[in-house]
Amino acid sequence: MITIKNLHANIDGKEILRGLNLTVKAGEVHAIMGPNGAGKSTLASVLAGRDEYVITEGEVEFQGLDLLSLSTEDRAREGLFLAFQYPVEIPGVSNVNFLRTAINEIRAYKGQESLSAKDFMSLVREKSALVELDSKLASRSVNEGFSGGEKKRNEIFQMAMLAPKLAILDETDSGLDIDALRIVAKGVNQLKSPDNAAIVITHYQRLLDYIVPDFVHVLYKGQIVKTGGKELALELEEKGYDWIKEAHPTV
Amino acid sequence: MEQIVAPSKMETFRRNLPVSLLKIKKEDLAASNERLLLNGFPNSRTEAWKYSRLNRIASLNLNTITSSPISWEHYSVTNEAYTFVFQNDRCIHFSQDLPDGIMVKEAAHLSLEEWKTLDINSHVIDINKTHAQNGLCLWLRKGVSLTKPVQLIFISSGTEQAAIHRNQFILEKNSKMEVIISHFSIDGQKNYKNIVSEFHLEENACLSVNKLQNEEGEDFHFSTENIHQKNNSNFSLTTLTLNGNWVRNDVNVFVDGEGCETFLNGAYLSKGIQHIDNHTTIDHMKPNCNSYELYKGVMDEKSTAVFNGKVFVRPDAQKIAAFQSNANVLIGDEASVNSKPELEIYADDVKCSHGSTIGQLDEEAIFYLQSRGISEKTARRLVLTAFMQDVFEKITSPVVVTFLNQVLSKRFNWDLSVLEED
Ligand SMILES: Nc1ncnc2c1ncn2[C@@H]1O[C@H](COP(=O)(O)OP(=O)(O)O)[C@@H](O)[C@H]1O
Ligand SMILES: [Mg+2]
Chain A
2 MITIKNLHAN IDGKEILRGL NLTVKAGEVH AIMGPNGAGK STLASVLAGR
52 DEYVITEGEV EFQGLDLLSL STEDRAREGL FLAFQYPVEI PGVSNVNFLR
102 TAINEIRAYK GQESLSAKDF MSLVREKSAL VELDSKLASR SVNEGFSGGE
152 KKRNEIFQMA MLAPKLAILD ETDSGLDIDA LRIVAKGVNQ LKSPDNAAIV
202 ITHYQRLLDY IVPDFVHVLY KGQIVKTGGK ELALELEEKG YDWIKEAHPT
252 V
Chain W
40 MEQIVAPSKM ETFRRNLPVS LLKIKKEDLA ASNERLLLNG FPNSRTEAWK
90 YSRLNRIASL NLNTITSSPI SWEHYSVTNE AYTFVFQNDR CIHFSQDLPD
140 GIMVKEAAHL SLEEWKTLDI NSHVIDINKT HAQNGLCLWL RKGVSLTKPV
190 QLIFISSGTE QAAIHRNQFI LEKNSKMEVI ISHFSIDGQK NYKNIVSEFH
240 LEENACLSVN KLQNEEGEDF HFSTENIHQK NNSNFSLTTL TLNGNWVRND
290 VNVFVDGEGC ETFLNGAYLS KGIQHIDNHT TIDHMKPNCN SYELYKGVMD
340 EKSTAVFNGK VFVRPDAQKI AAFQSNANVL IGDEASVNSK PELEIYADDV
390 KCSHGSTIGQ LDEEAIFYLQ SRGISEKTAR RLVLTAFMQD VFEKITSPVV
440 VTFLNQVLSK RFNWDLSVLE ED
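Top to bottom, those sequences are chains A and W.
Residue numbering for the first sequence follows the numbering used here, starting at 2 and increasing by one per position.
Residue numbering for the second sequence follows the numbering used here, starting at 40 and increasing by one per position.
Calculated directly from the structure, the hints in this document are not laboratory data.
It cannot be assumed that every hint is accurate.
[Said to hold, decoys possible] Lysine-lysine pairs mimicking DSS-like chemistry, simulated, CA-CA at most 27 Å apart:
#, chain 1, residue 1, chain 2, residue 2
1, A, 166, W, 416
2, W, 416, W, 229
3, W, 416, A, 111
4, W, 433, A, 137
Take the sequences, apply the hints, and build the full model.
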């Protein structure tokens with residue numbers, strides 16, 4: 002699905018990703034954990050195509066394509082989805098109308114016909130029910146006046162609407178209560194198939210009770226420094242990151 | 040010995056302009072002539088003209104040659120209207136099939152007594168008074184409600200042509216109508232347009248004016264709207280400036296009655312080297328009134344804009360609610376705007392608010408939309424359209440909305456339909 006090789010990225014001259022390697026195959030769920038400031042969000046942003054980051058080395062192959070040469074929108078059209086750690090509010094742009102524009106631009110890119118208003122609305126109903134997002138929120142301005150939890154659920158709603166090949170969730174669980182967490186997990190698990198994959202960035206092991214990862218990676222100082230099975234998440238929960246930091250004082 | 044004095048810029052400017060064909064009081068005319076002679080063109084030290092320099096206008100070599108005929112039908116915003124068309128200095132179409140309760144005359148045919156001129160001065164109004172060629176004057180009788188709008192179309196064509204007109208609308212008690220004033224230019228080269236319109240709303244009258252400015256070419260455009268409102272009248276003006284090389288709008292509202300409502304709504308979208316200046320004044324002279332003013336602009340490339348909005352609340356005008364807001368988005372690196380909202384309140388029991396913002400497009404929002412598969416171009420358009428939406432929403436005339444959509448998609452590549460609910 003995606004192969005990241007020796008990825009180096011900096012911002013304002015400060016190197017944040019320092020030779021990161023990661024391979025995710027179709028059908029897999031990978032969790033990325035790591036202390037604050039390790040570069041987790043940077044990785045997600047670089048993959049989504051945020052252009053403030055300068056990539057100095059490395060390559061990313063996504064479904065046979067050179068991901069880094071694609072525009073942000075083409076990455077999305079090829080099936081990459083990022084659930085933002087901090088979703089922005091966009092006053093005046095309605096959630097459903099922007100999603101309809103998105104879906105139709107994606108379909109046009111693939112040479113498919115536009116979705117009819119009727120089919121689109123029934124998709125909205127189905128997917129908003131899945132993530133238990135109030136249908137009123139679905140038609141409001143994007144994230145405007147949403148609570149933290151509503152914003153995160155809206156990300157999962159959009160993910161469900163767009164049905165990506167590879168979903169990257171950046172701390173979607175932070176600040177969520179247990180019910181919201183279950184809903185988010187339901188959205189992700191619903192998407193799971195042998196053809197799709199997910200990268201779940203999280204601080205807490207508890208999300209991984211609901212979304213069971215095939216691999217857990219520790220990202221520290223811009224590199225994946227440790228990889229294990231789901232039991233690694235439990236170990237990190239128990240012991241914190243100090244033992245990782247001690248083992249890698251000068252990465 | 041006689042001293043030789045070089046003629047002032049104003050004298051040179053007016054040299055080839057024909058004298059006014061309207062019957063204006065001798066002393067008014069004399070006063071205007073004297074002010075023009077004494078003061079000339081305002082310079083950059085004059086606050087009201089600080090950001091709109093008049094040098095290029097002062098050096099125009101204007102004339103009024105008979106222009107080649109044009110067909111105006113193409114410029115009509117709607118066929119369902121009583122339509123009056125002016126090309127440069129003359130009237131080329133004057134609607135005849137009017138219903139009972141409305142009377143119209145060409146301005147050149149008005150008697151002295153029929154003019155109801157508000158006491159307000161500017162060099163633009165003075166030039167208009169001394170050189171106006173024609174215009175539309177209209178009386179709407181007591182209790183009459185027009186079902187179709189009155190449409191005025193001003194088209195300029197040619198080079199350095201002067202189009203100077205004066206309109207007067209009198210809405211008697213309990214009458215109601217809608218006016219669409221549109222401005223176009225056919226390959227205009229340095230034409231000078233100066234249109235003054237006065238609107239007199241008697242008790243309980245209701246008037247909605249949509250002013251559409253869409254002039255191609257290199258014209259200089261001055262629009263002045265002076266409004267006088269009596270008790271319980273309702274006035275709304277929407278100014279849509281969608282094109283125009285150099286545009287100055289002056290709106291002066293005298294709210295001289297209780298229980299009035301006043302809405303000033305403006306949108307200006309510019310690119311290239313356009314310059315668009317909106318100056319508005321709302322003078323609350325009597326108590327118990329509401330005014331609501333919202334102007335928004337998007338400036339691209341090297342274009343410049345000015346907004347100056349004054350709201351006065353006079354000492355005895357209690358219980359006034361006045362809201363004013365001006366918001367701007369600069370999308371061109373070299374675009375700029377000067378925004379100055381001014382409140383002068385001399386009464387104590389009033390609710391007034393004003394605000395002005397200047398910003399760039401939210402790049403985070405653009406990135407967010409792109410990350411969902413939307414092209415950068417569409418993403419920018421979505422965010423911009425959303426920004427303008429509250430101004431556009433206030434347009435009640437469906438034909439104006441259609442016109443707006445057409446211009447937006449043609450000139451700015453926008454598509455408002457993406458915002459519409461199914
Ligand atoms: N826009 C930015 N400008 C400057 N530094 C940044 C920017 N974004 C992130 N950083 C820095 O990069 C490092 C990694 O940040 P981030 O990827 O957000 O970490 P994480 O998501 O793992 O907490 C931090 O030291 C952070 O301060
Ligand atoms: Mg982060």
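Evaluation of the provided hints:
no.: 1; hint: A/166 x W/416; verdict: holds, 25 Å
no.: 2; hint: W/416 x W/229; verdict: violated, 33 Å
no.: 3; hint: W/416 x A/111; verdict: holds, 18 Å
no.: 4; hint: W/433 x A/137; verdict: holds, 23 Å
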